[in-house]
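J.: Kindly produce the complete structure, drawing on both the sequences and the hints.
Protein chains: 2
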Amino acid sequence: MTDPLVVVGGDAAGMSAASKCKRDSPETDVLVFEKGEWVSYGACGLPYYVKGEIRELDDLVSVTAEEFREERDVDLRTNHEVVAIDTEARTVTVDSPDGTFDQPYEDLLVSTGARAVEPPFEGMDLDGVFTLHSMESARDVRAYLHEDAEWLAAETGSGYGETVHEYAAMESPDAVAVVGGGYIGIEMAEAFAAHDHEVHVFEMLPTLLQPFGEAAADVVAEHLRDQGVHVHLNTAVESFEGDACVRSIRTDSGSFDVDMALVGVGVAPNAELAEAAGIDLGETGAISVDDYGRTSAAHVYAAGDCAEARNLVTGEPDHVPLALTANRAGRAIGQTLAGDPTPTGGIVGTAVVKAFDLEVARTGVIDEERAREAGFDPVSVTITDETRAHYYPGGTEIQITMVGDRESGTLLGASMVGEEGVSKRIDTVATALHADMTVSEVEYLDLAYAPPFSPVWDPVLTAAKVLAGKLEG
Amino acid sequence: MTDPLVVVGGDAAGMSAASKCKRDSPETDVLVFEKGEWVSYGACGLPYYVKGEIRELDDLVSVTAEEFREERDVDLRTNHEVVAIDTEARTVTVDSPDGTFDQPYEDLLVSTGARAVEPPFEGMDLDGVFTLHSMESARDVRAYLHEDAEWLAAETGSGYGETVHEYAAMESPDAVAVVGGGYIGIEMAEAFAAHDHEVHVFEMLPTLLQPFGEAAADVVAEHLRDQGVHVHLNTAVESFEGDACVRSIRTDSGSFDVDMALVGVGVAPNAELAEAAGIDLGETGAISVDDYGRTSAAHVYAAGDCAEARNLVTGEPDHVPLALTANRAGRAIGQTLAGDPTPTGGIVGTAVVKAFDLEVARTGVIDEERAREAGFDPVSVTITDETRAHYYPGGTEIQITMVGDRESGTLLGASMVGEEGVSKRIDTVATALHADMTVSEVEYLDLAYAPPFSPVWDPVLTAAKVLAGKLEG
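Keeping their order, the protein sequence lines are chains F and G.
Just so you know, the first sequence maps onto residues -11 to 461 in our numbering.
Just so you know, the second sequence maps onto residues -11 to 461 in our numbering.
Heads up, some of the hints might be wrong.
The list cannot tell twin chains apart, which means a pair is met if one copy fits it or any two copies do.
Said to hold, decoys possible - In silico SDA-like pairs for lysine to any residue, Cα to Cα no more than 25 Å straight-line: (1) K39 / V49; (2) K39 / E408; (3) K458 / T330; (4) K39 / V105; (5) K458 / E59; (6) K458 / E15; (7) K458 / E202; (8) K23 / N67; (9) K458 / P366; (10) K458 / A362; (11) K458 / Y280; (12) K458 / P14; (13) K458 / R11; (14) K458 / D12; (15) K23 / G254; (16) K458 / P329.
Hints were generated in silico from the structure; no laboratory data involved.
T.: Next comes the structure, spelled out in structure tokens:
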């Protein structure tokens, strides 16, 4: 009898692979070890759960553990942590509630995800200081805000542990420090502001949302300030201070009274398990994989936030831990393991984030230094345009930065920010990047026009037109 | 001294060419003859002017005649109609307020636009029966609705003629017949409904919005009915009846009492002037042009709604009279005539229309018969998905039809309909068509995801995934 396909980690990549493999090859045994309780949940929704727009954590689950077991016939073991991989013996060592055991595998998928980076600040262990790294942590944050005592009482009945009670019993915060001005920081600033807390965002770099480029980030910072958020740029956090609870945050620009803090300074791939097994990591620190998700060890695959993916613009491995990449790579590996070899697909680094009333999006290579490292001679323009025909009511400004390569005229990337029509407009540019289009080719795209939806020349076309002019000039 | 560049028709294509040529080559004399009063206006905005969302006709003008003359140094003659072209002598004959004269040209651009088709129904000349073919006609329609007497009084002071007074003096209509269920028909149904008139839409074909495909059109028809519009499909209009004013509309499915009618059964290219000069028309009836907008006559170009453009999906000349195509071709020809030969660019037939609360969009080849004529073996799927993450509030349904070629796997086209995120999502597919992508390549696009803006797998990816499966099957 063949050993099973073993999957380590039951979120997007892992469960996509397990489901796809089982569907295409029902005779394959598929065994998933998940160290926590939750599987296949929408971590991207956690800020909106804290904000209160999503009522229950369960709402974030797309497929439950039971459904995987009963409907998809996946042998899913929650509370099972894989602590070692032996790539020679083709076994994993598993800590379970019933003890430790070794499990042989035919093929192995490492989909251990990523974790919130915990910076070495003094006072990280004070009550009221959180990271947003899991369903449980989001519940704790929401409990600490506890504007909603009845809901909490109901929730705590359903077996999620005692921390919720503890946090709900503490005093509700007045001022919240958000440490880190990336996606999570921006989304959480919105969530806290929605609860009428005073919000401070601290960012070490000169701009928020660094991967979105300075021009977009400046618009976001101004918008956050308009919303009453205190934005502290070029500000390094040094420590949290307090007794049991945090009472202030100390930075290189002074101290600020806060009684809650959310630390979102980035994520790191959970690559230690693979590394300890002698599997190669890439320069990014994530697990190195080929176009089919294969690691350096035979029969071992990796996918999701713990693994690299090929950036189609630079041609180099990249680490952009996002949901679509994880789902897609997991699904492709499941298909490969079911007997139909399927590449996991490259990425172009497309991302979008909501920042209060703004949509902010990016794709490709925007950073000029990074472009030069990849061998390009970047030329960039930033334009401001309208989202609708000039005469049609309700239009808003949209700002687009577009970058191209001087020598080849190739499109390299773009960022956008505005109140509407940003999130899907970036996809036009992403598609052009997949097709390796020149900026002039983008200028000639036949895009949709009607007065309620864009000017005759869509802002993407206008940006390309201006950039093409500059590239020729 | 060289003769001037002469442009016939001062709307999108003509004024784009004139402006671009003059900007790039200030020494070239540019002479534009426009038979009416208005230049460079947003005809696409007329339904929203009638609806009342746009207050004044002047708001639709992007650049005024004066600005063209004074700021752009274009010799623009309004109320000058070109009545003949002599391609041998290189002259045009012009009827002007001061008499008829011949004007020599170095190069000639025919940008005479298109007109509303006037079907040979009895009673077309009754009061209350309109087409929407010009700024003036839109003003007449709005005057006839005259819910806004003060505004009318003010407007009629500014020299736009007496018809507005006449129409405003007539009785306000109760029920309006919209004849034709294309763009104009749908947009005007929305405009009339906004004024609380009873609205009937009559369409000869089995579906509204025929170029958008049956699946999208069915959703639109249902939505219009939900909005209280009477939708009559498979219904041929025979005549209008009444005394001075229209009182009823007779169809092959019976008569209906109406006291106003808007006939929007399509547009026809104004190609007669060119045809009379011996210039070749294409099979579509529009003026045939090469990739630089050159007609069959030396030194004569054509652009805009009177001319064909190359459809990049079929490789054949096509006639899709839309604003972006006109602007782009005009601009390219202006650049060419300024000494920098520039192709006008192909089209993929992208279009979007607002239908009450819906956005409806299309691109490429959707119609299976047309696909077969172009040498493809079309395979199509229709999926329904959500516009946001399943747990994020406010998401709505989006329906996508996607078509591919069985043998090559090439993407051929798509249509979409939904309450949000349609108008710019179609651009992703349009861009993929420009790049000649396969359906599988579309499935692997790295599109933007965040819970407020799409599911992890954007509906475009899901449609491509399902279609790719069917193409392989």
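J.: Confirm or reject each hint.
T.: For each hint, the structure was consulted:
no. : hint        : result
1   : K39 / V49   : within (17 Å within a copy, 44 Å between copies)
2   : K39 / E408  : both (21 Å within a copy, 23 Å between copies)
3   : K458 / T330 : between (40 Å within a copy, 17 Å between copies)
4   : K39 / V105  : within (22 Å within a copy, 54 Å between copies)
5   : K458 / E59  : between (57 Å within a copy, 24 Å between copies)
6   : K458 / E15  : between (59 Å within a copy, 24 Å between copies)
7   : K458 / E202 : within (20 Å within a copy, 44 Å between copies)
8   : K23 / N67   : within (4 Å within a copy, 79 Å between copies)
9   : K458 / P366 : within (11 Å within a copy, 41 Å between copies)
10  : K458 / A362 : within (21 Å within a copy, 39 Å between copies)
11  : K458 / Y280 : between (39 Å within a copy, 23 Å between copies)
12  : K458 / P14  : between (56 Å within a copy, 21 Å between copies)
13  : K458 / R11  : between (51 Å within a copy, 17 Å between copies)
14  : K458 / D12  : between (51 Å within a copy, 15 Å between copies)
15  : K23 / G254  : within (22 Å within a copy, 63 Å between copies)
16  : K458 / P329 : between (44 Å within a copy, 18 Å between copies)
The earlier numbered hints are all upheld by this structure, with none contradicted.
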